[in-house]
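Go ahead and model the full structure; you've got the sequences and the hints to work with.
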Amino acid sequence: DGGITQSPKYLFRKEGQNVTLSCEQNLNHDAMYWYRQDPGQGLRLIYYSQIVNDFQKGDIAEGYSVSREKKESFPLTVTSAQKNPTAFYLCASRDRGLGNSPLHFGNGTRLTVT
Amino acid sequence: KNQVEQSPQSLIILEGKNCTLQCNYTVSPFSNLRWYKQDTGRGPVSLTIMTFSENTKSNGRYTATLDADTKQSSLHITASQLSDSASYICVVRSLFGNEKLTFGTGTRLTIIP
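Taken in order, these protein sequences are the chains called A and B. Sequential numbering from 2 applies to the first sequence in the working numbering. Sequential numbering from 14 applies to the second sequence in the working numbering.
A portion of the hints provided could be inaccurate.
Just the calculated beta-carbon pair ranges, DEER-fashion [claimed, not checked]:
| hint | chain 1 | residue 1 | chain 2 | residue 2 | range |
| --- | --- | --- | --- | --- | --- |
| 1 | B | G29 | A | N54 | 50 to 58 angstroms |
| 2 | A | D96 | B | K14 | 24 to 32 angstroms |
| 3 | B | L27 | A | S81 | 45 to 53 angstroms |
Below, simulated EDC-like cross-link-like pairs (lysine to aspartate or glutamate); rule was C-alpha separation at most 16 angstroms, straight line [claimed, not checked]:
| hint | chain 1 | residue 1 | chain 2 | residue 2 |
| --- | --- | --- | --- | --- |
| 4 | B | K84 | B | D97 |
| 5 | A | K72 | A | D60 |
| 6 | B | K84 | B | E28 |
| 7 | A | K71 | A | D31 |
| 8 | A | K84 | A | D55 |
| 9 | A | K10 | B | D52 |
| 10 | A | K84 | A | E63 |
| 11 | A | K72 | A | D31 |
| 12 | A | K58 | B | D82 |
| 13 | A | K71 | A | D55 |
| 14 | B | K14 | A | D60 |
| 15 | B | K113 | A | D39 |
Away from chain A, derived, C-beta distances all over 10 angstroms, residues of chain B [said to hold, decoys possible]:
| hint | residue |
| --- | --- |
| 16 | I25 |
| 17 | S41 |
| 18 | P42 |
| 19 | F43 |
| 20 | N45 |
| 21 | V58 |
| 22 | S59 |
| 23 | T64 |
| 24 | T76 |
| 25 | K84 |
| 26 | Q85 |
| 27 | T91 |
| 28 | D97 |
| 29 | F116 |
Derived by calculation from the structure, the hints in this document are not laboratory data. Please read these numbers as outputs of a predicted model, since none were measured by experiment. Idealized CB from N, CA, C, for every residue including glycine.
What follows is the structure, encoded as structure tokens:
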């Protein structure tokens, strides 16, 4: 059963700590994305990767870092430099070989930093 | 600045009734518009895509329309079911760059029995 798995579903951290969110896909998609969802706002792109070992900053990359060492995996690290890290984080992938292909989303990680 | 505005912000209807959600956009040049359904605490799932040449497209009880001249789209839900309770998000892709998506803030739909 193909899909995207995000873990954990809920994550709690103290301010000043870095935290890494996991995202794994078995859809064989080249492109992967990290979005942040806040109440009353549309999804905002943090980072994206179109191929292994390459990634690009999105609209709100400050305070975040990513890696893409394997096609299946695209972990996101929320660093202590991110001023307002509490949010719902969504990972997605897409088949770039298909024109107009949709984003396939995981079920998100809700991060709370206190 | 590219924008996508959705209305209403929230909507409550009785089970079995129909409803229409609206999406207005200023994204240019336009490539396509997609509607996603997002259940609470889950990731969005694509319902349908509208390209420039399409006016109407149905997916079961969901019917999307697109007026590229007025830059408006609608999502009509027929004979609503309790499982339709979700947020519906309109997403517009610019012609320049596959990664240039603009997301609406969504309409929160609640179906009551």
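Do the hints match the structure? See the list:
Against the hinted window of 50 to 58 angstroms, the Cβ-Cβ separation of G29 of chain B and N54 of chain A comes to about 52 angstroms, which satisfies the hint. In this structure, D96 of chain A and K14 of chain B meet the distance hint of 24 to 32 angstroms, their C-beta atoms being roughly 29 angstroms apart. For the hinted restraint 45 to 53 angstroms between L27 of chain B and S81 of chain A, the CB-CB distance of approximately 48 angstroms keeps it satisfied. Between K84 of chain B and D97 of chain B the CA atoms are separated by roughly 26 angstroms; this puts the pair beyond 16 angstroms, and the hint is violated.
At roughly 23 angstroms between alpha-carbon atoms, K72 of chain A and D60 of chain A are farther apart than 16 angstroms, so this suggested pair is violated. With a C-alpha separation of about 30 angstroms, the suggested pair K84 of chain B and E28 of chain B falls outside the 16 angstroms cut-off, and the hint is violated. Taking the CA atoms of K71 of chain A and D31 of chain A, the gap is near 10 angstroms; set against the 16 angstroms cutoff, the hint holds. Under the criterion of a C-alpha separation no larger than 16 angstroms, the hint pairing K84 of chain A with D55 of chain A is inconsistent with the structure, at around 26 angstroms.
At roughly 15 angstroms between alpha-carbon atoms, K10 of chain A and D52 of chain B fall within 16 angstroms of each other, so this suggested pair holds. A distance of roughly 9 angstroms separates the Cα atoms of K84 of chain A and E63 of chain A; the hinted pair therefore holds under the 16 angstroms criterion. A hinted pair counts as satisfied when its Cα atoms are at most 16 angstroms apart, and K72 of chain A with D31 of chain A qualifies at roughly 7 angstroms. Between K58 of chain A and D82 of chain B the CA atoms are separated by roughly 33 angstroms; this puts the pair beyond 16 angstroms, and the hint is violated.
The straight-line distance between the Cα atoms of K71 of chain A and D55 of chain A is roughly 10 angstroms, inside the 16 angstroms bound, and the hint therefore holds. A C-alpha spacing of about 13 angstroms is found between K14 of chain B and D60 of chain A, which places the hinted pair at or below 16 angstroms, so the restraint holds. A threshold of 16 angstroms between alpha carbons decides the hint, and for K113 of chain B with D39 of chain A the separation of about 19 angstroms lies outside it, so the pair is violated. Every Cβ of chain A is farther than 10 angstroms from the Cβ of I25 of chain B; the closest lies at roughly 18 angstroms, confirming the non-interface assignment.
Every beta carbon of chain A lies more than 10 angstroms from that of S41 of chain B, the smallest distance being close to 17 angstroms; the non-interface claim holds. Distance to chain A confirms P42 of chain B as a non-interface residue, since its nearest Cβ pair spans about 15 angstroms, more than 10 angstroms. At roughly 13 angstroms from the closest C-beta of chain A, the C-beta of F43 of chain B stays outside 10 angstroms, upholding its exclusion from the interface. Against the 10 angstroms criterion, N45 of chain B falls within the reach of chain A, whose nearest CB is about 6 angstroms from its own CB.
Listed as a non-interface residue, V58 of chain B fails to keep its Cβ farther than 10 angstroms from every Cβ of chain A; the least gap is roughly 7 angstroms. The claim that S59 of chain B is not at the interface with chain A is violated, since a C-beta of that chain comes within 10 angstroms of its own (minimum 4 angstroms). The claim that T64 of chain B is not at the interface with chain A is violated, since a C-beta of that chain comes within 10 angstroms of its own (minimum 7 angstroms). At roughly 18 angstroms, the least C-beta separation between T76 of chain B and chain A is larger than 10 angstroms, which holds for a residue marked as non-interface.
Remark: the non-interface label on K84 of chain B is consistent with the geometry, its nearest Cβ contact in chain A lying 16 angstroms away (cut-off 10 angstroms). Against the 10 angstroms criterion, Q85 of chain B stays outside the reach of chain A, whose nearest CB is about 17 angstroms from its own CB. Against the 10 angstroms criterion, T91 of chain B stays outside the reach of chain A, whose nearest CB is about 22 angstroms from its own CB. For D97 of chain B, the shortest C-beta to C-beta distance to chain A comes to about 19 angstroms, beyond the 10 angstroms cut-off, and the non-interface label holds.
Not every Cβ of chain A is farther than 10 angstroms from the Cβ of F116 of chain B; the closest lies at roughly 3 angstroms, contradicting the non-interface assignment.
In terms of the numbered hints stated before, the structure departs from hints 4, 5, 6, 8, 12, 15, 20, 21, 22, 23, 29, listed from lowest to highest.
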